[in-house]
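K.L.:
Here is what each chain is made of, one letter per residue.
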Amino acid sequence: MDPNLKNQILMNIILMAAMLLGALATVMLRQLVKAAIALAFTSVVLCIIMFKLSAPWAAVFELSVCAGLITVVFISAISLVKPATEEERTAHMRFKVRRYFLLPIVLLVVGCGLSFLKINPLPVIAGPEAISDMRVLLWGPRALDLLGQILVLLAGVWGVVVLFKEEK
Amino acid sequence: MPSLLVILPLLAVLLLNLPLNFLRRLALPAVILLTAYQALVVLQLLPPCCVACPSHERWFVNVMDPLTSVLLLAIAIVAFVSVFVLHATASDEKHGFNALNLILLAVAGMNGLVMVRDLFSLYIFLEIASVASFVLIAAQRDMGGLEGAFKYLVMSALATMMMLASIALLLAFCGSTSFMVVAEALHRGAGHGYLLTATALFLGGLLIKSGVMPFHGWLPDAYSSAPAAASTLLAGIVTKVTGVYALMRLVLDVFGSSPAIQQLLLIFGAISVVAGALAALGQSDMKRMLAYSSISQVGYIVLGLGVVGSGNKFAAELGFAGALFHLFNHAIFKTLLFVNAAAVEKQAGTRDMNQLGGLAQKMPITGLTSLLAMFATAGVPPLAGFWSKLLIIAALWLAGLHGYALLGIGASLLTLAYFLSLQRRVFFGVLRAGCENVREAGWALLVPSVVLAAILVGVGLALPWLIGSFLLPVKGF
Chain Z
1 MDPNLKNQIL
11 MNIILMAAML
21 LGALATVMLR
31 QLVKAAIALA
41 FTSVVLCIIM
51 FKLSAPWAAV
61 FELSVCAGLI
71 TVVFISAISL
81 VKPATEEERT
91 AHMRFKVRRY
101 FLLPIVLLVV
111 GCGLSFLKIN
121 PLPVIAGPEA
131 ISDMRVLLWG
141 PRALDLLGQI
151 LVLLAGVWGV
161 VVLFKEEK
Chain D
1 MPSLLVILPL
11 LAVLLLNLPL
21 NFLRRLALPA
31 VILLTAYQAL
41 VVLQLLPPCC
51 VACPSHERWF
61 VNVMDPLTSV
71 LLLAIAIVAF
81 VSVFVLHATA
91 SDEKHGFNAL
101 NLILLAVAGM
111 NGLVMVRDLF
121 SLYIFLEIAS
131 VASFVLIAAQ
141 RDMGGLEGAF
151 KYLVMSALAT
161 MMMLASIALL
171 LAFCGSTSFM
181 VVAEALHRGA
191 GHGYLLTATA
201 LFLGGLLIKS
211 GVMPFHGWLP
221 DAYSSAPAAA
231 STLLAGIVTK
241 VTGVYALMRL
251 VLDVFGSSPA
261 IQQLLLIFGA
271 ISVVAGALAA
281 LGQSDMKRML
291 AYSSISQVGY
301 IVLGLGVVGS
311 GNKFAAELGF
321 AGALFHLFNH
331 AIFKTLLFVN
341 AAAVEKQAGT
351 RDMNQLGGLA
361 QKMPITGLTS
371 LLAMFATAGV
381 PPLAGFWSKL
391 LIIAALWLAG
401 LHGYALLGIG
411 ASLLTLAYFL
421 SLQRRVFFGV
431 LRAGCENVRE
441 AGWALLVPSV
451 VLAAILVGVG
461 LALPWLIGSF
471 LLPVKGF
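Residue numbers (this note's numbering), protein chains in the order written: chain Z, 1 to 168; chain D, 1 to 477.
This is chain Z alone, in the form it adopts within the complex (with noise of 0.2 Å):
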């Protein structure tokens, strides 16, 4: 066999077996800290499958928010809260079937009356030229979108630090 194919297959066994790994040290886990932690790790990993399936869009939005944003904004509501205890859980749960219960017959049945319909295939008319190059597109014609998306960021730093911060 090739050397570099059979480098490729292991690394990409590798790869699989730290995001399964990943994926269940964050159900697993009991600290949500920890488990948070686990998602994160788990999303990089993804997001370098993603790179190696030829998909930089994804990964790239894999990596900055489900890694990144995400993780951060985790872990500020965990350390904002308690354990809750086991009479608490319980409660919970009964309050989500309650509430939640017609949710899944809903779903099926918009999914059926969706299923039934005729809709004509979406005529793409042809537009500019995509740009498969995620570097030039970001900081070419999408640049002020990442400008834009720093001050989301700061704006949400900031929501952070006002909302969350305790007064001394």
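Simulated from the structure, these hints should not be mistaken for lab results.
Just so you know, not all the hints are guaranteed correct.
[To be verified] Straight line, CA to CA, 25 Å or less: simulated DSS-like cross-link-like pairs of lysine-lysine:
hint: 1; chain 1: Z; residue 1: K34; chain 2: Z; residue 2: K165
hint: 2; chain 1: D; residue 1: K346; chain 2: D; residue 2: K94
hint: 3; chain 1: Z; residue 1: K165; chain 2: Z; residue 2: K82
hint: 4; chain 1: Z; residue 1: K165; chain 2: D; residue 2: K94
hint: 5; chain 1: Z; residue 1: K34; chain 2: Z; residue 2: K82
hint: 6; chain 1: D; residue 1: K151; chain 2: Z; residue 2: K165
[What the hints assert, rightly or not] Estimated spans, in silico, between C-beta atoms of each pair:
hint: 7; chain 1: D; residue 1: L171; chain 2: Z; residue 2: L153; range: 18 to 28 Å
hint: 8; chain 1: D; residue 1: N17; chain 2: Z; residue 2: G68; range: 12 to 22 Å
hint: 9; chain 1: Z; residue 1: I75; chain 2: D; residue 2: W465; range: 55 to 65 Å
hint: 10; chain 1: D; residue 1: V41; chain 2: Z; residue 2: G113; range: 49 to 59 Å
hint: 11; chain 1: D; residue 1: F314; chain 2: Z; residue 2: A55; range: 47 to 57 Å
hint: 12; chain 1: Z; residue 1: R135; chain 2: D; residue 2: L18; range: 25 to 35 Å
For every residue, glycine included, the Cβ atom is placed at its ideal position computed from N, Cα and C.
Could you slot chain D onto chain Z? The hints should help.
P.N.:
Only chain D this time, still in chain Z's reference frame:
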């Protein structure tokens, strides 16, 4: 030059937060200077001169049309005033500093929003202004503020979800999110179900952000429960830019005004005008009454926009000019009314109109500017609000929409009724017991009040110049 209007607030936020104590003391004058600079730059760039200006911009090429210029000016004025209100009402230095940073971020977001010509960029800048506003509303961490911010957050999430779904559909169809490409593709694929869905989703999202009835659920709580500076900024400009401006821009440049869109705008506009005014009549909280008044006034703007698709070219131009003019006027008089509400709350300790009365004796300048703003909102000549309402009603009449025109006139009387009620219960009559020690508000609230009142009178008197120079030539329909 236009890029600076986004970059400078961002740089200011970064600089002011360097770990140097003296920078914090510079924050207030820095933000005042920045907003004053924006107002001056925009005044220099106002049409018709700016249209011919060569542009060396990378991001915002040839964006300074009348709609954008007027909004940039309104953003500068309202942010300038909000900073003064913040100075007068902030509970302590730290809260004031945090709010200043958020105001800067909101200004950067709004400036970007009014200058972009791309659907996805518009969504991003809309989010900046919205996120900063959520935090500003909840900044005091009291129950009312948190509830108001949460309602606004939930409704905004629904609106942005609709807009994102629309952007995804349009991107799949057009291959781009640029206004020009999308408009051209929509024109070629007119009538296709996907495109109608995309248009309906985007417009629905913007109607929620505008607070138009029946999508207004979040607005009274958000306006009334926010701290004074936040409610001034929110009511004065944030809702106008994130909802009404975006609606106007997209109807103008992207979706066009088909008969279906025209009907949609006219119906929602009419409901808002009447129901907002009726709801305002029943309020006893000063800020809550102003919030319902906002819903009613935004209804007028939407009505004006609805004339654009009437097929009558002159009526369409007049309607759009009226909508734009009323958008600016509403930003000014509503900001003034919220500044006055802040002054009353600070000096008398309450906003409940049943506990107030005769305050004009103790707060003559606040009472007078409030009266001017009230007359302007109700459409009393020669104040600015009269002319913008007149333009909208004339456009409706010329377009053959007589019923809507009469409805607009009737609702104006309702506006006068609820504002007279406010003025009588708060400022006129005998001084109510418990208000003996009330004094006139400090300079930080009086200066912006007087400036805004002067703008209302000045703009009203300058109408002949305004209408000829840049209100009517907005766009050939």
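K.L.:
Does each hint hold? Answer for all of them.
P.N.:
Verification of the hints:
no., hint, result
1, K34(Z) <-> K165(Z), "holds (22 Å)"
2, K346(D) <-> K94(D), "holds (19 Å)"
3, K165(Z) <-> K82(Z), "holds (16 Å)"
4, K165(Z) <-> K94(D), "holds (12 Å)"
5, K34(Z) <-> K82(Z), "holds (15 Å)"
6, K151(D) <-> K165(Z), "holds (22 Å)"
7, L171(D) <-> L153(Z): 18 to 28 Å, "holds (23 Å)"
8, N17(D) <-> G68(Z): 12 to 22 Å, "holds (21 Å)"
9, I75(Z) <-> W465(D): 55 to 65 Å, "holds (57 Å)"
10, V41(D) <-> G113(Z): 49 to 59 Å, "holds (54 Å)"
11, F314(D) <-> A55(Z): 47 to 57 Å, "holds (53 Å)"
12, R135(Z) <-> L18(D): 25 to 35 Å, "holds (30 Å)"
Of the hints listed earlier, there is not a single one the structure fails to meet.
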